[in-house]
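S.K.: So you can see what is in the structure, the chains are spelled out below.
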Amino acid sequence: MRLGQACVVLLIVSVLTFLLVRMLPGGPVQALLGTHNTPGAAAALEQKLGLDKPLAVQFLTWIGSLLRADLGFSYVRQSSVTSLIAASLPNSLLLGVMAFVMALLVAIPLGVYQALHPNSWSDFAATTAAFVLYSMPIFFIGALAILYLSVYHPVFPPGGVGPAGVTDLSWATRLYYAFMPATVLALVQLAVWSRYVRSSMLDTLAKDYVRTSRAQGLSMGQTVRRHGLRNASVPVIQLIGLSLPALIGGVVVVESVFNYPGMGYLLWQAAIQYDFPVILGVTVIAGLAVVLGTLLADLLHLMVDPRVRDGIG
Amino acid sequence: MESGSPQDDGLLVDPVRAEVIHVPTEGESGPAALLPESVEPERSPSPMAVALRHPAARVGLVVIAALVVFSYIGPLIWSASPNDTDLLVILQPPSSVHPFGTDDVGRDVLARMMVGGQVSLNIGVAAAALGCAIGVVYGAISGFAGGRLDSVMMRFVDGMLAIPVLVLLIVLAAAFRPNQLLLILVISLTSWLIPARLIRAGTLSMKSQDFIKASQAMGSTSTRTLRRHVLPNSVGIIVVNATFQVADAILLVAYLSFLGLGIPPPTATWGGIMSTGISYINEQAWWLIYFPGLAILLAVVAFNYLGDTVRDAYDVTAR
Amino acid sequence: MSPLDEMKSVPDVSSPETEGVLELRSLRVTDSHPAGARRLVDDVSLRVGQGEILGIVGESGCGKSMTAMAIMGLLPKGCAITSGSILLGGRNISALQPSEYNRIRGKEIGMVFQDPMSSLDPTQRVGLQVADSLRVHTDTKSRAARVRVVETLESVGLPEPAKVADSYPHQLSGGMRQRVMVAMAILCGPRLLICDEPTTALDVTVQKQVLDLLRGIRDSFGTSIVLITHDFGVMARVADRVAVMYAGQLVEEAPMGDFYRSRAHPYSDALLRAVPTLHGTRSARLWAIPGTPPTPAAHREGCGFADRCVNVRADCLNAVPALAKGPSPHHRLRCLHPVEPADGASTSSTEQGVGQ
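Chains as they are written, first to last, in the working numbering: chain A, 1 to 313; chain B, 1 to 319; chain C, 1 to 356.
Bear in mind the hints are in silico, worked out from the structure with no lab data behind them. Only a predicted model underlies this, so the values are computations on that prediction, with no experimental measurement involved. The beta-carbon is built from N, C-alpha and C at its ideal position, and this holds for glycine as well. Watch out, some of these pointers could steer you wrong.
Okay, the calculated beta carbon distance ranges per label pair [as the list claims (entries may be wrong)]:
no.	chain 1	residue 1	chain 2	residue 2	range
1	A	Arg309	B	Val137	35 to 43 Å
2	B	Arg177	A	Gly50	23 to 31 Å
3	A	Val15	B	Leu185	17 to 25 Å
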């Protein structure tokens, strides 16, 4: 069922990007070529897009080139979109995964702690902090981080993936440079995720099997580890899967703040320069990332909950 | 607080809640009176009224009122021009002449903050309102149609929800150089999804109620049912969600202006001021970071908080 | 076979002189209600002898389950034992530290809950869940634990116990799940088993099997059992002694036979009369006493049952009657105006009603 939904998402993204190109001011050829519009290039592009053929054929041509990982050519950058993305994607993945892991590492213990001490002073404080963090514009946190940790106290570099001019970066350097942007990204996510964990764990702790486990002689901590985490993770996995689009939006902003050359930065630069081949390529990849993330969440859900495997619930 | 998340949706679809917020209207007393007492929903004080009497909700309202006064009345009192440049006083920290300092071309930041506030509030409120309107129509059609059409329409909503909003906005902003009106349209294109789900859920739960079945059997049309029952019943949920949508829209406007893809210069925006601040962060132009940052934070917190407290007030009246 | 006949086959182990496995002394449990701590369990004293099955009966909200949870040391948040004590084998356990209590639960006291559907973790294999008790209380290796779990599952009458151990809860029927719960409760050989409405969620035929299983456990291991139920049919099938609770208080207590012959509290009498006599209505709600039990209160002026009682007099409203000696030996009663010993007609109707 979710696989069907994933297909719907991909379909929407591809139709949307396809239509967008056709709707661009000045027509697709003019928009895709920008200032590099020479008669020769225009004719070649027209040929490639099949503009003389019916719209349906044009769409299938577009899908066909997507399937061949041919995302077009950036005339602004004089480079194939695929190679531009290939250069940026690893940086974004590092940033995203780092932020993801950091957010989970804090959100899970925090949410569990709050669920074990609901309505306590610390629960209230954490809830308030999460509320403010959630409403905080990402670039504000990013700017404060740079201001205090790079400008006033030069602890972390203010941006980039590594020292200027250095191409062969070690893992340590990459992690060091990605640390601050990833932390900023993680802060916003963990505000939301700790709420998910808290409410899911509260629901789980009220379940009868938790009482059973206590009656077996397990301590509260043992029970949480033995039954709480696994059961509470079921809705949390789904919610986190659903918050991937927001995470991707956050990546765009964070990379722009820190001039971090990932997919978001690529998208931003392309948008400013009206580099439509790149814009469309990044959009397609973002859609793909969401779909893959959702499928991964479903897979995890399947692993955690045996009832789903047997087709119940 | 997780506005726009599916969690809100699930909570609000709760049949108990859907029933509790029903406010019966006079027009339908005939068919309803024919049915057993238990079917007829209870008359309760308007939840909105209850909520707004709530002191916590007032805090949100007061902050929003202060922002409105600052943005719209402020320029009448503070006479400095937001767009006049003065290269003799660039990047000046706050002083008595320029209480919020000046930017990279010597413009008065206080005046620019006020204009930026207008932009944020105009777009935020209008986009949320338009988004809710679209959502109401879409959700009602989907809910009343039912069957195949309903499931196709809802799959589309699910699909749209999976598309990163900001990426979509960047693409649209690059394609169509935005002005305020266009930004409102574009943002409302992303903010109708949750209201559509809510209205659909409200429509479905109404459709299953006996007195609606009775009134439909007596010839009442879908539009009439929508106007008489679903809308009065869902107005609270929609208003609560709209405040979340305003908060989200204000953030989105800020992000777009920050990325240089929002309202084109020289019009001042909070995101744009922040963007300048980051460009001159090595000059330690903290005032270009703190003032817009805090303003956005304040506005977003105020709308989220208002929505939250009103929703909690519903929960209380529901008990 | 009528329940009375069945009871004759059970040895009388209920004499108060028997060394008590469990003893409650003036137990009081209160919550933290904003308007003042309300007494959920009020001055309850009970004793359960070695190998005895004590049935606690009463309407929902009368404090039965709260008493059980107090014994387990698992009172809900905000509720606490404010006076009295709980003795397990002569040792006061009501004042134990949480970590010490963990060593008692599952080892010395086992518990079976009402709803086997929700009482097992849906995400874990049954065998592993059952084995948890062994894992925390002994240093049994996982392979030995597995053998022990499968043996225990077999001993509670589960066919193909190894297969059951590898199943997830949703793959088992309600009756099987409740047997798993029983196996879990007896795995470490506890001397006391608390069963809170163990058959309420089950089909009638499965109910009988589970009750027979409980009695079998008592017979083979000498385990003392506290059986909490609102269903007199269940009670009659297995209990040696009956304690009736109302509004948090113990209102009557007697050996089963005495209770049938000479119950004296109007509430007990009403409970028994409320048992339907026609087979067809057996599944309907048991209670037909007008009114509802009072909500828990901080303080009570008179008898809690007064406003539903047929025998109520003016003095019932003035003071809470004390728990005093009843009409037969080993019989305790909290009532100023008890009913006359039941007439033959009602007794026989009761037997028909509960004997199904």
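S.K.: Given the hint of 23 to 31 Å, is the C-beta distance from Arg177 (chain B) to Gly50 (chain A) inside that range or not?
M.R.: 28 Å, holds
S.K.: Quick one: are Val15 (chain A) and Leu185 (chain B) within 17 to 25 Å, going by C-beta?
M.R.: 19 Å, holds
S.K.: I want to verify a distance hint. Is the separation of the beta carbons of Arg309 (chain A) and Val137 (chain B) within 35 to 43 Å?
M.R.: Holds, at about 40 Å.
When each numbered hint is compared with the structure, no violation occurs for any of them.
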